[in-house]
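Each protein sequence line maps, in turn, to chains A and B. Each residue of the first sequence is one higher than the last, beginning at 5 in the numbering used here. Each residue of the second sequence is one higher than the last, beginning at 4 in the numbering used here.
Check each hint, because a few of them may be wrong.
[Claimed, not checked] Under 10 angstroms between C-beta atoms, here's a sample of chain B residues computed to sit facing chain A: (1) Glu37; (2) Asn253; (3) Gly335; (4) Leu390; (5) Gln397.
[To be verified] Selected chain A positions facing chain B (Cβ under 7 angstroms, derived; list incomplete): (6) Gln39; (7) His43; (8) Asp66; (9) Leu67; (10) Leu85; (11) Glu176; (12) Ala180.
Rather than coming from a laboratory, the hints here were simulated on the basis of the structure. All residues carry an ideal CB built from backbone N, CA and C; glycine is no exception.
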Amino acid sequence: MKQDIILAGVGGQGILSIAFVMDIAALQKGWQFKQAEVHGMAQRGGAVQSHLRISTETIFSDLIPRGQADMILSVEPLETLRYLNYLNPEGFIISNCVPYTNIPDYPPMEKVLGKIKQYPRVKLLDAPSLARQAGSSLTQNMVMLGAASTELIIEESYLKEGIKQLFKTKGEQIVAMNLKAFDLGRQAALQINQ
Amino acid sequence: MKKEVLLGDEAVALAAYHAGLAAAFSYPGTPASEIMEYLIRLAHTHGDLQASWCVNEKVAYEEALGVSFAGRRALVSMKHVGLNVAADPFINSALTKIMGGLVVAVADDPGMHSSQNEQDSRYYAHFGRIFCFEPSSHQEAYEMTQWAFDLSEKFHIPVMLRLVTRLSHSRSSVLSGPKKESPLLPRGNGPDWTLLPSNARRRFAELLHLQKDLLEESENSPFNKLLLSPSRQRLGIIVAGLGYNYVMENIRHLQEKPSLLKISTYPLPIKLIHELIKASDEILIVEEGYPFIEEKIRGIFGLPETTIKGKLSGDLPLSGELTPDLVREALGFPSLPQEKTKDLQLASRPPQLCPGCPHHDTFMALKEVLQDYQQPTVFSDIGCYTLAALPPIQAIDTCVCMGASVSMAKGGAQAGIFPSVAVIGDSTFTHSGMTSLLDAASAKVNMTVIIVDNAVVAMTGGQPTYATGEKLVKICTGLGVAPEHIRQIIPLPKNKEKNKQVIKEEIDYQGTSVIISTRECIQELKKRAKGR
Chain A
5 MKQDIILAGV GGQGILSIAF VMDIAALQKG WQFKQAEVHG MAQRGGAVQS HLRISTETIF
65 SDLIPRGQAD MILSVEPLET LRYLNYLNPE GFIISNCVPY TNIPDYPPME KVLGKIKQYP
125 RVKLLDAPSL ARQAGSSLTQ NMVMLGAAST ELIIEESYLK EGIKQLFKTK GEQIVAMNLK
185 AFDLGRQAAL QINQ
Chain B
4 MKKEVLLGDE AVALAAYHAG LAAAFSYPGT PASEIMEYLI RLAHTHGDLQ ASWCVNEKVA
64 YEEALGVSFA GRRALVSMKH VGLNVAADPF INSALTKIMG GLVVAVADDP GMHSSQNEQD
124 SRYYAHFGRI FCFEPSSHQE AYEMTQWAFD LSEKFHIPVM LRLVTRLSHS RSSVLSGPKK
184 ESPLLPRGNG PDWTLLPSNA RRRFAELLHL QKDLLEESEN SPFNKLLLSP SRQRLGIIVA
244 GLGYNYVMEN IRHLQEKPSL LKISTYPLPI KLIHELIKAS DEILIVEEGY PFIEEKIRGI
304 FGLPETTIKG KLSGDLPLSG ELTPDLVREA LGFPSLPQEK TKDLQLASRP PQLCPGCPHH
364 DTFMALKEVL QDYQQPTVFS DIGCYTLAAL PPIQAIDTCV CMGASVSMAK GGAQAGIFPS
424 VAVIGDSTFT HSGMTSLLDA ASAKVNMTVI IVDNAVVAMT GGQPTYATGE KLVKICTGLG
484 VAPEHIRQII PLPKNKEKNK QVIKEEIDYQ GTSVIISTRE CIQELKKRAK GR
């Protein structure tokens, strides 16, 4: 069993936190994982991506081959489109539908969302409003992880344990807020299913 | 034994600590910074090692050398271009008789994710006639680092550990062992460390004599693996570092695999290479970075009976990073089905200065002042402020290497450029700009240096700097800049007109002037506000 996931977004949106939670979850589960990420220059408001691979067997490449990703999990819709060539024809797209427009030539939203909606297995969420409901717009990343959890091979309980570990040094309130964001994202995604 | 989630960089750091490391030194640089970040955290919790950021890589290397002389284990880490700065001690340290194990962890950046070039550090190890170890996984990074300390002490040479971005910045699980006690070995012996020509000749002869032992050790290394195909297929593959992973990704499901030689140590294990070539009609060489192995195997004359495929043959690209897809193509396999996104032109999203960044205000004021001059030139440097090359600021003309802004501004001014302006960060200035300013001020060259002082090494994640504000004023005074032409400004939107006036005055001054533009990095301010 394996799942290859492209995590995408803009520097500062907490992509690496999503990745870290999944890493901890995979470790707890006793599975193999490799997760390549970008640090440094690109983190300053640029496009950020991470390749996350989880498997019950040995993983060789840190990078996912094109056409082999089982999921694109993205906190920004334009960034979702950037990695479509990684997605396998059976793959899922879990994406925020609200743009982060820090560039002058951002394409028209209807075009961006239209392109995403062409795919059969898509879940689009309004992450900022769910995050605000959880208590802070900074929790958009955990909203998206919660939404993705409906299609992940790692159970919800392991992911929540990962969230607790990631945020434990920041206090109980922050942990609770991020867990709530996760739950709201998960519920929203389950409703899309129905 | 413990299993934990670590970055490749962190696996190296933890291994060094477990190997009984006494001290570690570094200068921040992507993708190597997390080695020191992790060691500083370990030093903070355990207190039984020294771990510190230094003013530059040369200083870091020499401090590590002092630790080795004292008979203790030392680690020095840096990004690939950092080794250019530390090249002097690096090459010469190979002639000293290393006592406490000295490991040089260098992280290359193929693909230039966050660098100005993609030079391959294996050439440096070859140049210095020392070992280079190249891990392909986190677990290997952990094990090889420990082994590197042992071999450094066994052969009395520094040992290089070569990392690349995709290992440094990839997370995986690492199984770690117990920590060893920090060994105390004898101190260095004077004549083995005093590289006067008479001593250096002797030491160089000893280093050359040692080469056959290094080769033997490399050939017997457990990290090199030769798997010969029982069915004797036409193709044999030589892989190094992450090349191994990309090949395995593509051949793991094959029933009959081609012969494979995995190289993890340099000097190259010649016997193993011979065996693979004997067993194959065609070889494919997959290595990250320059075609180092391929050049060696081809030599000038090539191999008359074997086809060699790799970067020099064009089967793999000479520049950029390897990927599983590129390797798949080189293996001759069809590509996997994938989506095309041709009908939608995707706007690129380059990195940019953060909202509220002090550099933005400095550049906006500078840009407006320079509009009144015929041919102004802004020589810039390495840091967040290099992003001023991109829209919307577009205010700099050069960025070459650490400290080059000040020296290039001097040379440019002497060749007739006016205004000749250098823009350099506080940390880059103390790293490599101070000596250049001494030169410029001594020659009274007509130029203006703007030190964009945000009191931190910002681009790499907020490491400390050792001179900010008043200390920079004192340094510039000491370097010979006239005190009345060392001006301090605060880059804020409300100060723009005032700051423009200061910049104009100093550009018009016929001599070397310095403007120190001081305001805390906005990211650091946020961190402090959160109480982190």
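Hint validation: Ala180 (chain A) versus chain B, beta carbon distance must be below 7 angstroms. Holds or violated?
Violated: closest Cβ of chain B sits about 17 angstroms from Ala180 (chain A), beyond 7 angstroms.
For the restraint on Gln39 (chain A), tell me whether the closest CB of chain B is nearer than 7 angstroms.
Hint on Gln39 (chain A): holds, closest Cβ of chain B at ~4 angstroms, below 7 angstroms.
At a threshold of 7 angstroms, is the proposed contact between Leu85 (chain A) and chain B supported by beta-carbon distances?
Since chain B brings a Cβ to about 6 angstroms from Leu85 (chain A), closer than 7 angstroms, the hint holds.
Less than 10 angstroms between beta-carbons is the criterion; does Asn253 (chain B) satisfy it with respect to chain A?
holds, 8 angstroms
Regarding the hint that Gly335 (chain B) lies at the interface with chain A, is the smallest CB-CB distance below 10 angstroms?
Cβ of Gly335 (chain B) sits 15 angstroms from chain A, so the hint is violated.
Asp66 (chain A) as an interface hint toward chain B, with CB separation required under 7 angstroms
holds, 4 angstroms
Should the hint that Leu67 (chain A) touches chain B count as held when the rule is a Cβ pair under 7 angstroms?
holds, 6 angstroms
Does the nearest C-beta of chain A fall within a distance shorter than 10 angstroms of the C-beta of Gln397 (chain B)?
violated, 13 angstroms
Classify the hint on His43 (chain A) as holds or violated, based on whether any CB of chain B lies nearer than 7 angstroms to its CB.
holds, 5 angstroms
With 10 angstroms as the cut and Cβ atoms as the points, is Glu37 (chain B) at the interface with chain A?
holds, 7 angstroms
Closer than 10 angstroms between Cβ atoms is the bar; does Leu390 (chain B) clear it against chain A? Give me holds or violated.
holds, 7 angstroms
Please check whether Glu176 (chain A) passes as an interface residue: C-beta within 7 angstroms of a C-beta belonging to chain B.
violated, 16 angstroms
Checked against the numbered hints given earlier, this structure breaks hints 3, 5, 11, 12; the rest are met.
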